[in-house]
Amino acid sequence: MKLVRNFLVLVGTVVLAGLAPAAPAGANVSSSTSLTVPLAVSVGDNGRAGSFTTINMNTPPQNADTNTITGIQLAVGCAAAPAPPNPCPSPDLGVSSVVSPATGRAGTACAGLNFSVSAPDASGAVTFTPSGPVVLNPPGSAAGTDRCTVDFTFSVLKAPATDVQPGVGGAQTFINLRVASQSSPSGLAVANHPSQAITVNRAIPALSTQVSPRVQVGGQISDTATVTGVPGIATPTGTVTFNLFPPSDPTCAGAPAHTSMAALGGGVAQSTPFTANTAGFYRWVATYNGDANYISRTGTCGEPTETVEVTTDPPARPVADFDGNGTTDVAVFRPSTGQWFIRNGPTVQWAAGGDIPVPGDYNGDGATDVAVYRPSTGQWFVRNGLTVQWGADGDVPVPADYDGNGTADVAVYRPSTQQWFVRGGLTVQWGTTGDVPVPADYDGNGSDDVAVYRPSTGQWFVRNGVTVQWGAPGDIPVPGDYNGDGATDVAVYRPSTGQWFVRNGLTVQWGAANDVPVPGDYDGDGATDVAVFRPSTGQFFVRNGVTVQWGVSTDVPLQLPNHIRRFFV
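My numbering applies: residue 1 is where the sequence shown begins, and numbers increase by one.
Everything labelled a hint here was simulated from the structure, so no lab data went into it. Treat each hint with caution, since some may be false.
[Unchecked claim] Distance windows between CB atoms, simulated:
id : residue 1 : residue 2 : range
1  : Thr239    : Gly545    : 26 to 36 Å
2  : Ser141    : Asn289    : 51 to 61 Å
3  : Gly265    : Thr417    : 27 to 37 Å
4  : Thr129    : Ser208    : 40 to 50 Å
5  : Thr68     : Asp121    : 18 to 28 Å
6  : Thr129    : Ala64     : 21 to 31 Å
7  : Val348    : Asn464    : 29 to 39 Å
A virtual CB, placed ideally from N, CA and C, is assigned to each residue, including glycine.
All chains should be built: construct the whole structure from the sequences, respecting the hints.
Now the structure itself:
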């Protein structure tokens with residue numbers, strides 16, 4: 001917002017009436033006070049500069065008298081001009097705060113003095129107290145010693161409750177000043193009451209949004225808006241309007257398919273959900289409607305955080321999504337204690353010595369469950385209540401949604417025979433000695449495919465018929481939906497160079513020696529993000545910009561499945 005940079009100087013009116021002692025005939029004790037302040041400010045402005053100057057204007061027979069300043073009061077935020085001797089007869093409290101101390105300006109009689117600033121009184125006025133006497137020499141004295149200029153700063157905390165000039169844009173309030181002084185040797189007193197109306201403009205808030213994850217046709221989509229104000233100043237209040245535009249309107253030019261309004265709570269508002277019965281990309285546009293302190297803000301049609309895909313395929317379920325919000329969580333498992341540390345979530349004790357973490361959505365509620373597989377007994381312990389015996393010593397747990405019903409199936413791969421045993425009834429022989437199981441939905445049909453990666457040749461063998469040469473000895477398979485098309489992409493991570501090779505065309509360098517690849521959908525956009533965990537520092541580095549310290553060197557990151565990690569890390 002462009003602020004008016006002009007400044008106005010007002011000369012205060014000399015007030016003699018009602019002051020003691022009364023002036024004798026022919027006495028003329030007077031002073032003038034000017035107030036210099038910005039004509040326009042904004043809520044949230046800090047350190048705005050102002051000043052005032054008081055000048056000894058005595059005339060004969062008091063022209064040789066000095067004037068000593070005896071009181072200074074300033075009120076930034078008044079609903080009326082001064083009513084002497086009261087500097088603020090109609091308070092508008094909390095508009096501003098004056099920063100202590102103020103300072104006397106060089107070249108004037110108060111040079112080098114600090115003026116402490118009191119807390120506001122009941123009228124909202126603050127008192128300036130100098131660190132020493134301020135004596136103004138007779139008019140015309142050399143080197144500016146007949147005047148005192150005080151520089152002060154103030155912050156704008158909120159818009160005024162009363163607009164003193166309703167016909168002018170913005171909201172206006174008064175800055176009122178009272179400076180009193182006493183003449184010597186006459187002992188006569190004088191006070192000035194300059195005032196200035198200033199415009200207080202509303203601040204510009206920040207508006208950020210996050211659409212709900214991709215869903216199937218018939219599912220519900222929603223939008224969340226976060227409105228952030230100026231730190232340390234008034235918190236934004238009011239409402240957010242959410243407009244949803246259908247796939248047929250990519251520019252958001254037509255009538256919305258759905259509109260809702262929600263009040264901000266803690267700076268956050270959420271739309272009412274919308275049931276999407278047509279496949280395609282829906283676009284939300286959120287508008288913060290503003291309040292007394294903040295202007296309105298509207299998002300842009302087509303922003304990535306406001307665009308959600310509705311598909312005929314089952315929605316992708318991010319790995320390690322423990323809260324079910326559609327994003328991969330930063331999370332680690334600590335083998336030494338059996339603890340699960342989930343960022344933005346609980347810390348859970350769930351494992352015994354030797355147990356293998358096998359997180360997955362075993363009950364189909366959209367959230368990843370804490371679960372372990374016990375090799376010594378072939379038992380599965382899921383924290384949602386499921387306990388099942390499935391497997392034998394030496395088997396590799398390979399949980400996945402093999403039947404496409406939206407839940408993770410208990411399953412094991414037996415390296416000695418290359419057999420897959422899925423608890424739902426599937427038993428199949430697929431692979432050879434040394435192969436790494438890599439089950440995933442490679443054809444995008446909503447169910448995970450039985451598949452293996454052969455490290456010796458860099459080949460991928462998917463049971464639906466796909467055989468692909470992609471990788472080299474030492475590469476780590478990191479399958480994921482890197483382009484967000486609903487199908488898992490064949491991909492490898494090369495530890496020796498920190499490079500990622502995705503068969504859809506992406507090649508990127510992201511990682512260093514000893515880093516562990518931890519691909520996942522960390523931002524909830526429906527596509528797998530390139531990411532690594534650095535055991536030496538316990539840091540997660542996500543290529544979308546997130547860097548998080550979470551874990552220690554012996555922790556196991558939960559984004560790379562155990563059936564892959566165990567062969568390479």
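Tested hints:
Between Thr239 and Gly545 the Cβ separation comes to about 30 Å, which falls inside the hinted range of 26 to 36 Å. Taking the beta carbon of each, Ser141 and Asn289 are about 58 Å apart, inside 51 to 61 Å as hinted. Under the hint 27 to 37 Å, the C-beta atoms of Gly265 and Thr417, about 57 Å apart, miss the expected range. At about 45 Å, the beta-carbon gap between Thr129 and Ser208 stays in the expected band of 40 to 50 Å.
Restraint check, Thr68 to Asp121: a C-beta distance of roughly 23 Å satisfies the suggested window 18 to 28 Å. Between Thr129 and Ala64 the C-beta distance comes to about 28 Å, which sits within the given range of 21 to 31 Å. Checked against the given bound of 29 to 39 Å, the beta carbons of Val348 and Asn464, roughly 36 Å apart, stay inside it.
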